[in-house]
Amino acid sequence: MTTNTSVIGKPEIRKDAAFKATGKAQYTADLQPEHAAYAVLVRSPHHHADILSIDKTLALQQPGVIAVITAEDIPGLKTFGLIPDQPALAINVVRHIGEPVVLVVAADKASAQSAASKVVVEYKKLNAVLDPIEALIDPSPLVHPAGNLLAQFNVESGDLDSGFSKADIVFEETFTTQRVAPAYMEMETSLASYHPDGTISVWVSSQEPFIDRARIAAALNLEVEKVHVLSTVIGGAFGGKEDSSLAIITAIAAWITKGTVRMVNNRSESFVAHPKRHPVKIHLKIGAMNDGTIIALDGKVWLNTGAYASYGPAVGSLLTEMVAGPYNIPNVTIETKVIYTHTPYSGAMRGFGSPQAHFAIESAMDMLAERLNIDAVEIRRKNILQTGDTLPTRVHLNETALGLEPILQHASAAVARLRKVKAKPGKHSGVGLALAMQSMGLGNGIPDNSNHRLEWLPDGRVLIHLGVPDLGQGLVTVAEQITAEALGLPFEQVVSSPFNTHTVLNGGVVCASRMTYLVGNAMIAGAKHLIQELIDQAATLLNQPKDQITYACGRITLPDGNTLSASEFTSRAAEQGNPILVEASACFPYPEATTPQHLPIGLPHVKFLFGAQVARVEVDAELGIVEVTDLVAIHDPGKVINRLGAEGQIEGGVVMGIGYALYEDMSLKSNDQWINCFTEYLLPTSLDVPINLEVQMLEYPEGDGPYGAKGLAEICTVPTAPAITNAVYNAIGVRVKDLPITPEKLYQASQTHIGNHQDTTESKR
Amino acid sequence: MFDCEVNVAKSCTELTQILIEPSARILAGGTDILPGMRKNSIGKPITLIDVSQLNELSYIREHEGQIDIGALTTHSKLITSPLLLQHAPALIDACASIGSTQTRNRGTLGGNLCNASPAADSVPPLLCLEAVVTLSSHDNQRQVPLSDFIIGPGRTCLKQGEYLDHITFAVPQKHTGTSFMKLGRRNGMSIAVVSTSVLLRLDQQGNIEYARVAFGSAAPTPICSHHAEAALTGKTPSAQLFSEAAQAMRTDINPIDDLRASREYRLHSAGVLLQRALQTAWHQAEMDLR
Amino acid sequence: MNKLTVHFTLNQQSIRLETLAARSLLDVLREDFALTGAKDSCGGDGECGACTILLDGEAVNACLVLISQVEGRHVLTIEGLTPDGSLHPIQNAYVQAGAIQCGYCTPGMVMATKALLDHTPQPDETQIREALAGNLCRCTGYTKIVQAVQFAATELHHDN
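Chains as they are written, first to last, in my numbering: chain A, 1107 to 1871; chain B, -3 to 286; chain C, 431 to 590.
Worth flagging that the hints you see were computed from the coordinates, not collected in a lab. Backbone N, C-alpha and C define an ideal beta-carbon position, used for all residues, glycine too. Be aware that one or more of the hints could be misleading.
Unchecked claim - As a list, the in silico DSS-like pairs of lysine-lysine whose alpha-carbon atoms are at most 27 Å apart:
| id | chain 1 | residue 1 | chain 2 | residue 2 |
| --- | --- | --- | --- | --- |
| 1 | A | K1121 | A | K1215 |
| 2 | A | K1130 | A | K1406 |
| 3 | B | K73 | A | K1215 |
| 4 | B | K170 | B | K73 |
| 5 | C | K433 | B | K35 |
| 6 | B | K155 | A | K1215 |
| 7 | A | K1230 | B | K73 |
| 8 | B | K6 | B | K155 |
| 9 | A | K1775 | A | K1231 |
| 10 | A | K1162 | B | K40 |
| 11 | B | K155 | A | K1224 |
| 12 | A | K1162 | B | K35 |
| 13 | B | K35 | A | K1224 |
| 14 | A | K1116 | A | K1162 |
| 15 | A | K1533 | A | K1488 |
| 16 | A | K1526 | A | K1406 |
| 17 | A | K1364 | A | K1406 |
| 18 | A | K1116 | A | K1184 |
| 19 | C | K433 | A | K1162 |
| 20 | A | K1775 | B | K40 |
| 21 | A | K1843 | A | K1488 |
| 22 | B | K155 | A | K1231 |
| 23 | A | K1406 | A | K1272 |
| 24 | A | K1406 | A | K1843 |
| 25 | B | K35 | A | K1775 |
| 26 | A | K1162 | A | K1364 |
| 27 | A | K1851 | A | K1391 |
| 28 | A | K1215 | C | K433 |
| 29 | A | K1224 | A | K1130 |
| 30 | B | K40 | C | K433 |
| 31 | B | K170 | C | K433 |
| 32 | A | K1116 | A | K1526 |
| 33 | A | K1391 | A | K1530 |
As the list claims (entries may be wrong) - Away from chain C, derived, C-beta distances all over 12 Å, residues of chain A:
| id | residue |
| --- | --- |
| 34 | E1118 |
| 35 | T1128 |
| 36 | Y1133 |
| 37 | N1372 |
| 38 | S1376 |
| 39 | T1496 |
| 40 | D1576 |
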């Protein structure tokens, strides 16, 4: 579907930009109502320990202290989660460093901190298991009574044994990835206010405010309607704010103290007590023909999900789907285990398993190419998915994959161009390519809809009551542009209301690269209702036949050819107390006829995004220092809704991928503490990103997407790390199979490799 | 809120009086002590002595072939000093590599020395310049070579009631080249995995008349490598010679394994950096010779 | 904990403040003056730049300035960048360049940019990247931020 559009694709300026640029935008931590108390948490210093006793006496005597709260004070459900294994406050045992144990509420932050230091918690340290493979070996300390294997997923297609027996070449490799943090700039924060009428308002910085609402209600033993969840401006999320922990705790504090309570995590708390991207081990066995055709893949995956389930099982299931990458492999078996350990929990983070899967498969593709002496582009061309192919989940691909081959073409051109650039003196240059795919939507069997409202205001503007908050990525702007387009209105004529569970419908969780698609379709559907309502109003008021009234660009045309502004009717409707307000909803389609039903809930996905990234690096081989000089990111968002926003999201995703490849690692230090600050957890700075970061967007419309749009949010960070490791290999012949690439690893490896390879790369040039 | 008392020193005399208090800690740029206090990594009780009003301790002066730098001179001020650009470019490179713009606008040279981190970037070039620190107290002033001032990680020879007043070094003689090189884990806001600074002076024949070699993050304190210096002195510069110096250096440094790197990698990279630093300094000295 | 009285200029206004002494400028700005444009992100390590303000015209992290240290000095926050709260050319450049996503780093970035352009009106790309290396951003990848600074430099140059 290609139509001439007037708002879609334009670099419209997001309406909150000036507000943010002037510092006037208030994030939750900036809300400081008078008389608000402040709460802090006493957290577990141990990986695993029994809580023998908690003595609040001293803390309660401190000046300004209002309450000291433990799990037993929680009026309702004490645990939460998709799998409700996570206590809001620890119950008898702690399972990771940083777990909330005691909640201290005081008049101000300093008093709360001071009192918290006076809470005496007596622990009995227990053996802990931090490694997921060890956690599966009997006897291992148990994280939860039912065992350390939280979930397992198996996907099979074809006949693996016969595939391997036919293969000319079979090889096996193991890849590992590290624990990384979403590291949004705004830490988790919440503000809760108890109301004397028995209701509570809770401001959250969250991707899933309706889920937060349900969990808060359960914890407080309240009807859901008595909990209002609101959002102000949100400072980034990247998956990590699919976590209700702090919202529930703040609500408990406000409820028990019958007051208003603020909570803001500090950065170290954010590191240890909120979701991370899973550290993963992936073992691949690949069988291929001499011409490069892959005919068999056996994958085994272990995810360290930490102490609590969070979204771990869902990440495991999606990772399982992604292990084969964007390739058509006839015989596939994947087995994935999601394993509890006594580590800070992992959960949702940008890519949701796909970055780990692609690090493995895209590294393996280059390794296979080298074994068969085939070019990295060629081997991918031989194997990439085409429309009509069948995935390991037995999903038949439709037009969703049309962009993949052109993406590879563009990548091929970038590879050729970057290979010609000479290295600076003393440096080794290399070029690496990686492809990627990312599913859209929550997966089959999970309610995957998104509900909103549109209101035609008396002045002719249209107000979106968006059922989800903007996380910073620009969702509101996308919704406004699509609505403006659908109604033929200028962008400025469409505005949005702040998020509040009491005034909006449930838009679902902001996740899974599905919001542009779902919200966009909802806005288009809503716009049709709005137009119909307007025509009905006009027909009634003017006593004209409905079917002879038409609408275009904010105006009604009557049978006699006269036109009237929409506001003529919307103002009248409002005066009569009957404003033009319609529902705008959409549902992610999993057509029963074409969606395989043999897999667990959440599987399979049926729509996919594709992309490629080409990295050029210069390596200081003596020191093992990698500089990413160039990165070309090629993505197919179906249709670009806002060029500035789309480019910006890709650029940010690439840089997050660079952090994943080169710098970020939330590991355990020698003092048995987790890395928990930006001095040690290194994010890329403006000096650590490619000077030449080029974004290419190819638009292969999704038939049922809004103006053809699909999504972008996650895919843009998926291929970055393998593109860089492949480039490093191309530069100095060192294959990094465990992220991140560190100077240390390159130095150790190059001790043996560098001499040999230098000649071959030189001769290749 | 910090858990401490704060005292503001209005003059150096007043400073020496307040400093007698055992809990007194000088707050200069605050870029290390304040994060340290937030992490409870500094012993209590603490009385912070705010010295921000002592403008008389912020200066860069030359007199009689000596350069004096007041202890409260910020890194930003140092790296824009034409005097230092002429006479101590390696010190400028080192201070320019500290933290971020924001850090350099606050952090002071005196603070960097008194903080006594093994990774303190300003120290290796100052060691090469054989800098001397002047320490003042209410009734005394004494001078200590910088190499004796820092005695361990976070430890200096400052006595109770003493403060670092200024840093002094002689303007290098003609035919001298200096350099500073730092290896970090990233480019922005990096902390040295290892750093090195060298100073070479050539005689008329182009041979090394005098050599100083210092390292950061390679031992409990930034240190000089006397073996490397000895290996270089009196010799004709060459890649071979520099490689020998890199070998000789290994007996002097004693790096640790930590989060940023292993001992082994530090030993290796210190050698690589040293050879590069020597090349740079040599070329500079040669230019000076011509 | 002792108290003291501090006199300073805050966004062109003379201030006399009696306060507990052991507080950071960031806490004072946010809690006593409700100037919440400066943000905390790293927890007071000076590692993120989200609380960047200008102290006597220099970019500094407000979390690493003790309130006693501003005695007699000029503090400029994002809220004081223009007298009437309209968009400063730097802010406008950030808006137009699409350099703002979640916006949490933006006030600090804008102030770091202001300090850069005050000292170096026509910086090259390396100077821009160096000047902003103390300001972390997790959304944008910095590309559009660097472009915004370039736009702003051009704009301010034309104005002069």
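Taking the hints in turn, this is what the structure says about them:
1. Our distance criterion of 27 Å between C-alpha atoms is broken by K1121 (chain A) and K1215 (chain A), whose separation comes to about 34 Å.
2. The hinted pair formed by K1130 (chain A) and K1406 (chain A) fails the criterion: a straight-line CA distance of about 50 Å is larger than 27 Å.
3. For the given pair, K73 (chain B) sits about 37 Å from K1215 (chain A) by alpha-carbon distance, which is inconsistent with the 27 Å threshold.
4. For a cut-off of 27 Å, the pair hint linking K170 (chain B) to K73 (chain B) stands: about 25 Å separates their Cα positions.
5. Restraint check for K433 (chain C) and K35 (chain B): satisfied, since their Cα atoms lie roughly 23 Å apart, inside the 27 Å limit.
6. For the suggested pair K155 (chain B) and K1215 (chain A), the alpha carbons sit about 37 Å apart, so the restraint of at most 27 Å is broken.
7. For the given pair, K1230 (chain A) sits about 54 Å from K73 (chain B) by alpha-carbon distance, which is inconsistent with the 27 Å threshold.
8. Distance hint between K6 (chain B) and K155 (chain B) is fulfilled; the C-alpha atoms sit about 21 Å from each other, no more than 27 Å.
9. Pair hint K1775 (chain A) plus K1231 (chain A) holds up; C-alpha atoms about 19 Å apart against a cutoff of 27 Å.
10. This hinted pair checks out: K1162 (chain A) and K40 (chain B) have alpha carbons roughly 24 Å apart, not beyond 27 Å.
11. Between the alpha carbons of K155 (chain B) and K1224 (chain A) the distance comes to roughly 35 Å, so the proposed pair goes past 27 Å and is violated.
12. Distance check on the hinted pair: K1162 (chain A) and K35 (chain B) sit about 24 Å apart at the alpha-carbon level, within 27 Å; holds.
13. Taken as a hint, the K35 (chain B) and K1224 (chain A) pair is honoured in the structure, with Cα atoms around 17 Å apart against an allowance of 27 Å.
14. Of the pairs offered as hints, the one joining K1116 (chain A) and K1162 (chain A) is violated, with about 59 Å between alpha carbons and a cut-off of 27 Å exceeded.
15. Pair hint K1533 (chain A) plus K1488 (chain A) does not hold up; C-alpha atoms about 33 Å apart against a cutoff of 27 Å.
16. Distance check on the hinted pair: K1526 (chain A) and K1406 (chain A) sit about 38 Å apart at the alpha-carbon level, beyond 27 Å; violated.
17. At most 27 Å may separate the alpha-carbon atoms for a hinted pair to count; K1364 (chain A) and K1406 (chain A) exceed this at roughly 51 Å.
18. The straight-line distance between the Cα atoms of K1116 (chain A) and K1184 (chain A) is roughly 48 Å, outside the 27 Å bound, and the hint therefore fails.
19. With a C-alpha separation of about 30 Å, the suggested pair K433 (chain C) and K1162 (chain A) falls outside the 27 Å cut-off, and the hint is violated.
20. Restraint check for K1775 (chain A) and K40 (chain B): satisfied, since their Cα atoms lie roughly 25 Å apart, inside the 27 Å limit.
21. For a cut-off of 27 Å, the pair hint linking K1843 (chain A) to K1488 (chain A) stands: about 24 Å separates their Cα positions.
22. Restraint check for K155 (chain B) and K1231 (chain A): not satisfied, since their Cα atoms lie roughly 42 Å apart, outside the 27 Å limit.
23. For the hint pairing K1406 (chain A) with K1272 (chain A), the CA-to-CA distance comes to about 21 Å; that is within 27 Å, so the pair holds.
24. Distance check on the hinted pair: K1406 (chain A) and K1843 (chain A) sit about 15 Å apart at the alpha-carbon level, within 27 Å; holds.
25. With a C-alpha separation of about 16 Å, the suggested pairing of K35 (chain B) with K1775 (chain A) holds against the 27 Å cut-off.
26. Between K1162 (chain A) and K1364 (chain A) the alpha-carbon distance is near 20 Å, which keeps this suggested pair within the 27 Å criterion.
27. For the hint pairing K1851 (chain A) with K1391 (chain A), the CA-to-CA distance comes to about 24 Å; that is within 27 Å, so the pair holds.
28. Distance restraint check for K1215 (chain A) and K433 (chain C): the Cα-Cα separation of roughly 18 Å lies within the 27 Å cut-off, and the hinted pair is therefore satisfied.
29. The straight-line distance between the Cα atoms of K1224 (chain A) and K1130 (chain A) is roughly 37 Å, outside the 27 Å bound, and the hint therefore fails.
30. A C-alpha spacing of about 19 Å is found between K40 (chain B) and K433 (chain C), which places the hinted pair at or below 27 Å, so the restraint holds.
31. Note on K170 (chain B) and K433 (chain C): the hinted pairing is violated, with a Cα-Cα distance of about 54 Å set against a maximum of 27 Å.
32. Distance hint between K1116 (chain A) and K1526 (chain A) is unfulfilled; the C-alpha atoms sit about 35 Å from each other, more than 27 Å.
33. With a C-alpha separation of about 38 Å, the suggested pairing of K1391 (chain A) with K1530 (chain A) is violated against the 27 Å cut-off.
34. Against the 12 Å criterion, E1118 (chain A) falls within the reach of chain C, whose nearest CB is about 10 Å from its own CB.
35. With a closest Cβ-Cβ approach of about 6 Å to chain C, T1128 (chain A) is found to fall inside the 12 Å limit, against its non-interface label.
36. Distance check on Y1133 (chain A): its Cβ comes as close as 7 Å (rounded) to a Cβ of chain C, failing to clear the 12 Å threshold; non-interface status is violated.
37. Here N1372 (chain A) does not stay apart from chain C, with its beta-carbon only about 4 Å from theirs, under the 12 Å limit.
38. The claim that S1376 (chain A) is not at the interface with chain C is violated, since a C-beta of that chain comes within 12 Å of its own (minimum 9 Å).
39. For T1496 (chain A), the shortest C-beta to C-beta distance to chain C comes to about 36 Å, beyond the 12 Å cut-off, and the non-interface label holds.
40. Not every C-beta of chain C lies more than 12 Å from that of D1576 (chain A), the closest at about 9 Å, which undercuts listing it as non-interface.
The structure shown violates the earlier hints numbered 1, 2, 3, 6, 7, 11, 14, 15, 16, 17, 18, 19, 22, 29, 31, 32, 33, 34, 35, 36, 37, 38, 40.
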